[in-house]
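**Student:** Chains as they are written, first to last, in our numbering: chain A, 1 to 101; chain B, 1 to 206.
Since the hints were derived computationally from the structure, they do not count as laboratory data.
Honestly, I wouldn't trust all of these hints.
Stated by the list, open to error - Below are the DSS-like pairs computed for lysine-lysine, each with C-alpha atoms no more than 27 Å apart in a straight line:
#1 B:Lys62 - A:Lys88
#2 B:Lys23 - A:Lys88
#3 B:Lys128 - B:Lys160
#4 B:Lys132 - B:Lys144
#5 B:Lys140 - B:Lys174
#6 B:Lys62 - B:Lys23
#7 B:Lys174 - B:Lys160
#8 B:Lys140 - A:Lys88
As the list claims (entries may be wrong) - Quick partial rundown of chain B residues pointing at chain A, CB under 10 Å, derived from the structure:
#9 Arg34
#10 Ile83
#11 Ser120
#12 Leu168
Heads up, the beta-carbon is just placed ideally off N, CA and C, and yes, glycines get one too.
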Amino acid sequence: MTKKKTATQRKPSKPSSHGHSHRQGDCVNLLRQLSAYIDDELPSDVCTEIRRHMGACPNCEVFISSLQHTVTLCRHRPAPQLTSADRKNMRRAILDAANAQ
Amino acid sequence: MRAIAPHTPPRKPARQTPEEFDKLYRDHVDLIYRYAYRLCGDTESAKDLVQETFLNAYQGLKDFRGEARVSTWLYTIASRACIRMRRKRKGQPEHELSIEEFVPTSEGEFRLQIPMDGLSPEEALQNKELRKALDQAIEKLPQKYRMALVLRDMEGFSAKEVGTIMGLNERAVKSRLHRARLFVRRELSARGITHHDGYKPGSMHS
Chain A
1 MTKKKTATQR
11 KPSKPSSHGH
21 SHRQGDCVNL
31 LRQLSAYIDD
41 ELPSDVCTEI
51 RRHMGACPNC
61 EVFISSLQHT
71 VTLCRHRPAP
81 QLTSADRKNM
91 RRAILDAANA
101 Q
Chain B
1 MRAIAPHTPP
11 RKPARQTPEE
21 FDKLYRDHVD
31 LIYRYAYRLC
41 GDTESAKDLV
51 QETFLNAYQG
61 LKDFRGEARV
71 STWLYTIASR
81 ACIRMRRKRK
91 GQPEHELSIE
101 EFVPTSEGEF
111 RLQIPMDGLS
121 PEEALQNKEL
131 RKALDQAIEK
141 LPQKYRMALV
151 LRDMEGFSAK
161 EVGTIMGLNE
171 RAVKSRLHRA
181 RLFVRRELSA
191 RGITHHDGYK
201 PGSMHS
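With the hints as constraints, model all of the structure from the sequences given.
**Tutor:** This is the structure in structure tokens:
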């Protein structure tokens with residue numbers, strides 16, 4: 001997440017990969033912890049460090065947001081429902097298979 | 001349909017009475033179908049998995065020792081049945097996902113190109129294209145990662161409970177879950193979904 005560009009090329013409203021004050025490996029290290037961060041499983045000092053990193057790295061901030069949105073979408077994805085006929089037919093098939101054994 | 005319950009005595013299975021089975025089936029069939037559909041991605045395979053699960057439950061309930069909730073026990077049977085059914089269909093091993101493959105390499109890979117701003121998740125998911133993209137991303141996951149994602153993020157189990165169902169320790173569950181989430185995020189990021197069908201801009205902001 002750390003491509004190099006000059007600061008004058010930055011557009012404030014878009015994620016940008018330049019302007020880093022941290023080492024290149026920091027972004028990958030952060031990426032390893034993102035699910036634990038989203039699930040609120042990290043110690044407070046690690047969370048503070050991640051938030052500090054995000055402040056210096058717009059791309060990581062956007063990336064975390066996109067991962068949070070992904071998890072939110074998964075949590076709210078509805079599943080199709082069975083019909084009464086499906087339930088009845090499956091019950092019959094299960095009992096038939098059980099009795100055949 | 002093949003009997004597969006690992007808890008079942010090999011010669012003469014101890015079976016439930018039809019009344020016990022009916023209660024178990026009535027109370028849990030919708031739950032297990034929802035899980036099966038999320039694992040399989042299509043209705044017919046999901047119904048096969050539900051039948052396999054309850055057939056095994058029918059034959060094995062008397063061996064159920066009550067150490068877990070009945071629903072957790074059924075999820076465990078369904079998960080094992082799903083793995084066996086996949087092995088019967090496909091022989092090749094699943095590939096492992098590494099963290100490094102999810103590091104974005106270009107500017108466009110950091111964000112989701114989908115309409116979510118100002119929308120609740122339910123509203124955003126009324127977009128058919130988004131639902132399809134999400135379903136396809138989950139379906140593309142190797143099974144062991146998909147199972148962790150479905151159980152944790154869609155069925156709402158804790159990491160510890162997912163570990164019980166999948167026979168893994170919590171650390172392994174979290175590792176699989178993280179890779180699964182990164183995989184789905186990357187798939188969604190690669191899809192530019194700009195059209196929001198059924199809604200006019202501004203009409204759905206709360």
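**Student:** Decide, hint by hint, whether the structure agrees.
**Tutor:** Going down the list of hints, with the structure as the test:
| no. | hint | result |
| --- | --- | --- |
| 1 | B:Lys62 - A:Lys88 | 24 Å, holds |
| 2 | B:Lys23 - A:Lys88 | 13 Å, holds |
| 3 | B:Lys128 - B:Lys160 | 33 Å, violated |
| 4 | B:Lys132 - B:Lys144 | 21 Å, holds |
| 5 | B:Lys140 - B:Lys174 | 19 Å, holds |
| 6 | B:Lys62 - B:Lys23 | 14 Å, holds |
| 7 | B:Lys174 - B:Lys160 | 9 Å, holds |
| 8 | B:Lys140 - A:Lys88 | 31 Å, violated |
| 9 | Arg34 | 4 Å, holds |
| 10 | Ile83 | 20 Å, violated |
| 11 | Ser120 | 8 Å, holds |
| 12 | Leu168 | 15 Å, violated |
Consistency with the previously given hints fails for numbers 3, 8, 10 and 12, ordered from lowest to highest.
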